[in-house]
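Each chain, written out:
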Amino acid sequence: MDFDWSPEEIAFREEVREFIRTEMTDAVKGSIFIDTPARVEFVTKMARRGWLGMGFPEQYGGSPNPFPLAQFILNAELDRSGAPIIGKNVGTIASTIYHVASEEMKMEFLPMIFRNEGQWAITYTEPNAGTDLGSLQCRAIDMGDHFEVTGMKHYITSAHFCRWHWMALRTDPDAPKHKGISIFIVDHDTPGLSLSPMSTIGREGTTHRTNQVFFDKMKIPRSRLVGEVNKGFYYMMEALDYERFAILSFASRVRRYTKIVNWYKNADFNGERPINDPYTRRALARMAARVEVGTMLERMAICKAQYEVPAVEAAMNKAWGATIGDEFAQLALDLMGPFGGLWGGEHSPFGGGLADEHLMAGHARVAAGGVDTSKAIIARRLLGLPNALGKPELPQR
Amino acid sequence: MDFDWSPEEIAFREEVREFIRTEMTDAVKGSIFIDTPARVEFVTKMARRGWLGMGFPEQYGGSPNPFPLAQFILNAELDRSGAPIIGKNVGTIASTIYHVASEEMKMEFLPMIFRNEGQWAITYTEPNAGTDLGSLQCRAIDMGDHFEVTGMKHYITSAHFCRWHWMALRTDPDAPKHKGISIFIVDHDTPGLSLSPMSTIGREGTTHRTNQVFFDKMKIPRSRLVGEVNKGFYYMMEALDYERFAILSFASRVRRYTKIVNWYKNADFNGERPINDPYTRRALARMAARVEVGTMLERMAICKAQYEVPAVEAAMNKAWGATIGDEFAQLALDLMGPFGGLWGGEHSPFGGGLADEHLMAGHARVAAGGVDTSKAIIARRLLGLPNALGKPELPQR
Amino acid sequence: MDIKLTDDQAQLQEIASKFMDKHCSFDFVRKMEKESDLGFCRDMWRQFAEMGWLGIMVPEKHDGMGMSLLDTVVLIRELGRHICPSPFLFTSVLAADVIAQVGSPEQQAELLPQIVAGEKIYAFAYQEYSRFFRPEHIKLEAKKSGDKYVLNGSKLFVEFADGADTLLVAARTGEANSQDGLTLLLVDRNSAGISTKHMPTMSRDRHYQVDFSNVEVPGSALLGELDKGWEALEPSLHKAVIAFCAYTNGAGFEMHGYATQYARERVQFGRPIGQMQTIQGYLAQMIMELYGADMLTMFSAFQIDKGRHARGYVAKAKAFSADTVGHVMDVSSQIFGGMGYMEEQDTTLYLRRGKQYQLALGGTEYWEDVIAEEIIDREPVVLT
Amino acid sequence: MDIKLTDDQAQLQEIASKFMDKHCSFDFVRKMEKESDLGFCRDMWRQFAEMGWLGIMVPEKHDGMGMSLLDTVVLIRELGRHICPSPFLFTSVLAADVIAQVGSPEQQAELLPQIVAGEKIYAFAYQEYSRFFRPEHIKLEAKKSGDKYVLNGSKLFVEFADGADTLLVAARTGEANSQDGLTLLLVDRNSAGISTKHMPTMSRDRHYQVDFSNVEVPGSALLGELDKGWEALEPSLHKAVIAFCAYTNGAGFEMHGYATQYARERVQFGRPIGQMQTIQGYLAQMIMELYGADMLTMFSAFQIDKGRHARGYVAKAKAFSADTVGHVMDVSSQIFGGMGYMEEQDTTLYLRRGKQYQLALGGTEYWEDVIAEEIIDREPVVLT
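Chains as they are written, first to last, in the working numbering: chain A, 107 to 503; chain B, 107 to 503; chain C, 1094 to 1477; chain D, 1094 to 1477.
Chain A with its partners taken away, still in its complex shape (with noise of 0.2 Å):
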């Protein structure tokens, strides 16, 4: 059992901040949310490094894994100071292509996503597919040489900039619900599909751009089908132990609680220093043991990580982590008195990005999986209890 870092692991993570002192500026810093050319440059800059396709083979234009923790190091890393970080297009598609699709896929797609060219959208959810990724609807429907779908998608977060869209449809109306989807690549510039903007609550210029996808009558070569035919929900659900481990890091919140910590040692308001109120001491320690529990579940999914999936410590990471975000956006804007409130001028003590913290924090519980879907996960899959949610457990294909 052994805690610290190895010597090995402690100068990639250098080598890493290295990076991030070197290519970060203030452009690339911000949300996840929002990608920006500054953003895409400086991906990009990781990928000549060969950070996207570590772990896969060179002949798809990925490179060897240095050692087994190095993806959850630099994404650590990437993480703690807002760069963006390594997700979906090597968590769910590089991966899922890798498994599943035909070696020309492979060779087509692979090293266009390891040397970052060409965005991707996930366009999987529906009005009334959300969570329950099984019900979708949207129909591609089989014309021999191609498939032609009509309909809809939305909350399609990058689909305004994508060149690719990672899609799910449903190739077979009649067969059960989760055998019947599909996996696509479709280009962008496909004739017959058409965007709408949706945004995000929040301050002006911060918020968050999503999409409706509109199709009609639109073409997709047969070409672009992903794997095999109707095991679409199969691959879907699969990807996502992956994604869940790519996009978890805790990294960003320990930041952010330092930072409270760090205003809550020099906030004077008219000469009352909350640092001598023995009431928010003790809320921000309770916090503190919170914070560094969830660093601790984080350790026990890398650990995990050397040896399997570690599906279930990504989910308690998950659920740890939203819930967690959550008391602790509450308990900054507590502190505050009615300061928190504020989205910006000169008293809002963070500029409005607590309170823009605050307004997200729920979306976070909620968004990918949520924090009752990961509880569900915990309570199946480690607990073996019975299935509750009507959620079929991953099946065999």
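Ranges between beta-carbon positions, derived for each pair:
#: 1; chain 1: C; residue 1: 1139; chain 2: B; residue 2: 361; range: 51 to 61 Å
#: 2; chain 1: A; residue 1: 487; chain 2: C; residue 2: 1103; range: 50 to 60 Å
#: 3; chain 1: C; residue 1: 1118; chain 2: A; residue 2: 151; range: 48 to 58 Å
FYI, nobody ran anything at the bench for these hints, they're computed from the structure.
Treat the numbers as computed from the prediction; the structure is a model and nothing was measured.
Ideal Cβ positions, reconstructed from N, Cα and C, are used throughout, including at glycine.
Guided by the hints, dock chains B, C and D onto chain A, whose structure is given.
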């Protein structure tokens, strides 16, 4: 809208208080869990004043209800002072007899109940039928002039001093499970009935005895069938609304809270006075608001009770009361540092009573429907959400 | 004891509800947020005046309706349901009441009918740069100079300061860092030396920093007695706080209703999400809290109307209502899933207000300290 | 980084687990609660000695195993799983460590082998009549008189004081109300002037009030330096606290396991109750907390073993483990329904211990204050 008690209500409350001042002895006080000769005697004195049969017709030994809230005021005052309250005998048994039993049975049993002659046990639960009363298995086989019973019941709380059992048994094993249960009145001295004691956790002398009850070819005369055969489940469900109302009173929690505040004001640990600690002051203050909410929800229930059965309000009262009771016992122990864990002795602020309260606080959360069940009642009956527990809504008979 | 609304109250509630349904749509609220300079609507204010609402608490001899705080609570809860932006709280509850309680006969005769007629709007200039809400923290100085006062200092979170005609200012005239030594002044918003700066908030309402630089106000601006400002203000402030609780409770009930309706209708995994035990638990917990907050608020109003010492009840009502509205807006939003966080989604209007309501007019910690003073330091313990 | 147990640790865990399964049944625990004068079993203590456990942290040169705190945590977690009553914590962790750290060569050579052999049992006489756990609150006086010390005062919550041979006493020799001026003394339990009184607890264990009335102890009883008792004690106390966390975490895991098994098997309304979303949520939440507490405990042990400043980690581990064990015992009991509160039900052995563990060795508020000192007052803020 008038939150004040009317002169009539105040006068009756004074009458009850005067009665308690006169009749209440240390032997009468104590947990509602423990029945003693002194407590039985106390209730008999109330019976003589006509307080048990309030609202029932005089031909059955009842007496006119002076005004709609009389029964509630009576119970609140009893509860506040730690006296036995008017409970299941009237709320469940007399009410059900009055509504569904034969004239003969009414004449036989109601006057007896209202005079407090002969104690009763509610003999429903079985090892595989706790909350889920529809799953009762213990059979009563119809032999014509009598029913024969072999089997067992457990958690039967007054069985060791009762004269009568109010008993639910399965009379039709082939019908849908809610349609094959009947209610019987069973004499405790019936041959074939035997007991085995169980007890709750607690300090010596404060535990609550309950019982397993065994039946070996016990015979119940047909005349002791209550109402119609196979309607028992519906009788039990309807009575629950009455009972839930009858057993709730927030007064004792308010009293316990007040005791803690009193302790807190005077507490002195070698010069360290909790009263000077802003942290515990706020903790007590927060609890004060939550206790006050309890009295408000109680007010809602009793005001509604003037017009109709306050099933939803009673569920709120139950859920809030049990939750607050638990939070409150935790807080009380936390306030006392390590002394909270003491089960008596000179350093135990309330002689171990608070520790007992803490230990049984969870029981209140799960007993008599429980917090989660109460919330489900609120969700379904008030908010119109669909059935989730698999429990049937109260169906039409 | 009976908690049913009186017929008059029920009628008031119905009228208010219908008016709000008609005039205070989500579109209206969004327009006030984004396009209105004032942050409220003068036309609507005139309609309030026509219906007599602006004088709901003003004595009849000054053209008001002379109704109780409990009646006012019934009305303002409907405004809160529709998160209606207006200077009603500080004009028709706080200012009207404090003028009626401590104003001179001349002030009453002049100012109250103006309020009733909708001619004058008041803003409340109290909070300064402090986490708390205590009078001790007020530093804005009013210096007597001949027959005038000269004001210097800053007030924060002055709602509708730009649209108001008069500022109700709590100023320090005596002892520092004390409850004593405060004085209430009615200051013309257009006095020389006053400047304002918008303080952006999550709810996109109109809160301002108001800076006073050698602002001269006449002696007639004095409301009540010199140095006795807190004694004059506190009882009326309690009424305003209770009215505010009613407003936020109304908002909470409405949001809870939207979430409940969504839970009934939204189907996932082949059944309404409202069938899930966790969703039922969230909604049931919140409705209990809302009922509790609502009852506590009404009970406090009732006690105040009866002239009883109600400081502890007010504090409990505020602390609990504040936590409730924060909790209800957050958890209800979660029931909508990702949609609950989209700008296009109307319930986000409520979400953006939840935490801010919670922190307004003294945060929970401030009011918890007040509760503690009442239950620990003040009230004798009676064990019955 | 790797959190897998080493082979040696895994072996130790397995041996301990098997031993406990065999010797520390529920019947045994109930017997210790009710029928044993000591509250623990001397036979079992001898077996601990035979297996070398009593010297797990004692250096090899004094007959011990010289293992790390992390190893000890692995062992004691198994004892905790079975809520095994024994003086292990204060004898083999606290006393052994403090003697090894600050004892004179003679004391080490004499006392440590005794501990290893199971010949001497220690009890920890520290807490006095205070809600807190701070050294400032210690008042028991030790007055130097020639070559002796004379002790007067009272200690509370001295576990196994009646079965112990030696009391490790923290006494005031210098400045009052201060961290300084404390001195550690090893006091023969049978000294004249010592009397004990049982303090009944929810867990029916053996805590005592120990009164010292002119108790004379020889100069050789001094452990470490005069007036430097807290500096001597605190590092070892941190180790004992971490070991205690491991014990309570073990108990929590075990209880959680019983509740999980029950949820899988108990059928109501035609299906296992563990299928209900709320039950799943409770169990999932608790296992997260348990893993978190366990990892924090092990991480703290690791930091201590490395000789790093770990006060903040220890405090976090204690505060969080304490709240976790309280929460887990309560909620797990609720999953059993009414049965969870019946004397006959073995899980009530755990329920009765939950809150008491939570409050032991300094309540959560004490440790939260320590965390605050570390993160607010001590640690510089590093933003990377």
